[in-house]
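*Asks:* Working from the sequences, and respecting the hints, build out all of it.
Just so you know, the protein sequences line up as chains A and B, in that order.
To convert, take the position in the first sequence, counting from 1, and add 9; that gives the numbering used here.
To convert, take the position in the second sequence, counting from 1, and add 9; that gives the numbering used here.
For identical chains, the list gives no copy identity; a pair is met inside one copy or between any two copies.
In the SDA-like style, the derived pairs of lysine to any residue whose C-alpha atoms are separated by at most 20 Å in a straight line are:
1) Lys-144 / Gly-178
2) Lys-257 / Ala-270
3) Lys-250 / Gly-190
4) Lys-195 / Ala-81
Hints in this document: simulated from the structure, not taken from any laboratory.
Note that the coordinates shown come from a computational prediction; the quantities given were computed from them, not determined experimentally.
2 protein chains.
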Amino acid sequence: MSDKVTIAIDAMGGDYAPETVLEGTALALAEDSSLNVIMCGPAGIVESYSDANSRCDWCAAEETISMGEHPANAVRKKKNSSIVVGCNLVRDGKAQGFFSAGSTGACLAAATLIIGRIRGIKRPALVQVLPAAEKPCLLVDVGANSDCKPEYLVQFAQMASVYAKDVYGVANPVVGLLNIGEEDSKGDALAQKAHKLMLGRVEGFKGNCEPGDMLAGKFDVVVTDGFTGNIALKTIEATSKLLFGYIKDAINSGTKEKIGAILIRDSLRQLKQNLSPETYGGSPLLGVKGACVIGHGASSAVAVKNGILVCARSVRGNAASIIEKTVDSTEDMAEGV
Amino acid sequence: MSDKVTIAIDAMGGDYAPETVLEGTALALAEDSSLNVIMCGPAGIVESYSDANSRCDWCAAEETISMGEHPANAVRKKKNSSIVVGCNLVRDGKAQGFFSAGSTGACLAAATLIIGRIRGIKRPALVQVLPAAEKPCLLVDVGANSDCKPEYLVQFAQMASVYAKDVYGVANPVVGLLNIGEEDSKGDALAQKAHKLMLGRVEGFKGNCEPGDMLAGKFDVVVTDGFTGNIALKTIEATSKLLFGYIKDAINSGTKEKIGAILIRDSLRQLKQNLSPETYGGSPLLGVKGACVIGHGASSAVAVKNGILVCARSVRGNAASIIEKTVDSTEDMAEGV
Chain A
10 MSDKVTIAID AMGGDYAPET VLEGTALALA EDSSLNVIMC GPAGIVESYS
60 DANSRCDWCA AEETISMGEH PANAVRKKKN SSIVVGCNLV RDGKAQGFFS
110 AGSTGACLAA ATLIIGRIRG IKRPALVQVL PAAEKPCLLV DVGANSDCKP
160 EYLVQFAQMA SVYAKDVYGV ANPVVGLLNI GEEDSKGDAL AQKAHKLMLG
210 RVEGFKGNCE PGDMLAGKFD VVVTDGFTGN IALKTIEATS KLLFGYIKDA
260 INSGTKEKIG AILIRDSLRQ LKQNLSPETY GGSPLLGVKG ACVIGHGASS
310 AVAVKNGILV CARSVRGNAA SIIEKTVDST EDMAEGV
Chain B
10 MSDKVTIAID AMGGDYAPET VLEGTALALA EDSSLNVIMC GPAGIVESYS
60 DANSRCDWCA AEETISMGEH PANAVRKKKN SSIVVGCNLV RDGKAQGFFS
110 AGSTGACLAA ATLIIGRIRG IKRPALVQVL PAAEKPCLLV DVGANSDCKP
160 EYLVQFAQMA SVYAKDVYGV ANPVVGLLNI GEEDSKGDAL AQKAHKLMLG
210 RVEGFKGNCE PGDMLAGKFD VVVTDGFTGN IALKTIEATS KLLFGYIKDA
260 INSGTKEKIG AILIRDSLRQ LKQNLSPETY GGSPLLGVKG ACVIGHGASS
310 AVAVKNGILV CARSVRGNAA SIIEKTVDST EDMAEGV
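*Replies:* See below:
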């Protein structure tokens, strides 16, 4: 496979679109010389942008799906929206990947309805790379499926393992099930059933994983349902935000502290940046036929850049086709529960 | 009601028992002059301790339930364990509250089986006071019930509201449902059904609450099932631990930073202490006929002291009897779902 990849980009996705998307795309093109993009959005915006940037094509999409719209309905109705047009390009083989910082729900719906699920995969799932202590940790599902059956979690684990191996180069991913205790019998009914199913079916499965283990870098892949995963992810972000706010107050509390603050400012700023969701740029959607990465609505240009690069990396890692070949069908699992 | 309260204490509960428990109890007795305690544990330990401390009685309990034992089985078999003996004292009216830093499962089982549920309460639930930005926030359930029905969540909300009002003095508690989005339709099946039931039944219910809102102090009470609540709580603790570790590394990275670190050290230490679970000492178990507070296994003497004081405060707030009078029966709710 050549290193050359083409990513379709939703110019209108995100709170600060199209500016941050256009700026982030230019940064991605500058960093990756084998990257080609097709910018999807109103012709008035994307045509001139395409002219001004090399390796940048464009495709007109005059409609935009906003954050508040019902995802599946909007995807069905707005055939000419940037999200639908971008996913069409992947379906038609004109691009291998799609990036959007727009409505997560609409992207999920469009990717599933238009690009399509990989044969045998029951539910595509969203992955988020967490900044763990020693090395990155992939949490899956972080919000695509609020209600899950145990067999879905087995597939999430298998898909994320492939992704960890082929996109992040982790030789033998250690997989855990997010749970409230170490013992096999812990957890709600879903976690207990998933635990039993994962034994013997998921390579590298090392049992339950508590949030502390997850952030301490003891696991490469941590699996849970999309409701719990989304709560865990947002709790990490909210706690970080709260703590950095407190620290700012604490070190501005007196003259001595203010001087101290000046001395450590650069280190703290670097730390904050390392921990920022921006660094990973977006969540890959595993289980669809192509690379699809969904960025945070509040994505900055740097986040957009990183999201596009993650998408290119997913294409090069060939994750979708390996997932198709390796992930267990759920047919034989239902009986085991 | 007189201010005088008697709390039964599990001398053998916690990783550093009995030392930290005895030390913490002495601190609590020193701080609260209307507090009386009954120390439950092996006579060889608690008799001499009782002699050496005023307002301290003792009750022999030669057995100990360890962390690894099956909770309900251990409670049934070990009639002479410190947890069972302590709960017996509450059931028999010799104490109004019980504190233990021992096995959470065994304490839940003993409190439910021995002290007993309040009439009409389906499931007792564990509350944890979170250190939110502006004011404390009560998260319920943090682990007593992994699998919940929607009507349980309604009762959790009502019980925690009573607790916020009568023990923490919050005039009109604002209640939220922990969820992955603000819109009413968000969440898994449990959250969606609970949302509908809570409307009109829970005073002060203001809809869904995302983890960021919870930590920003926008809610006084946040309700969820015990699985999600436990994951959220442990994620807050794990993220704090990770961040303080990173900050320590960051500010020790160079000479300039080390000088800065010395200047801000006291402020950071104070902050770390404010955020520590120690400050709140333990989780009250709501829904049983008496005050029952369960401390962290790793409780220090200060955490034990705070846990005992929280327990005394629960007794004085009269929460159990107000819960009995005010919380809705679940009978009429099941149909509504």
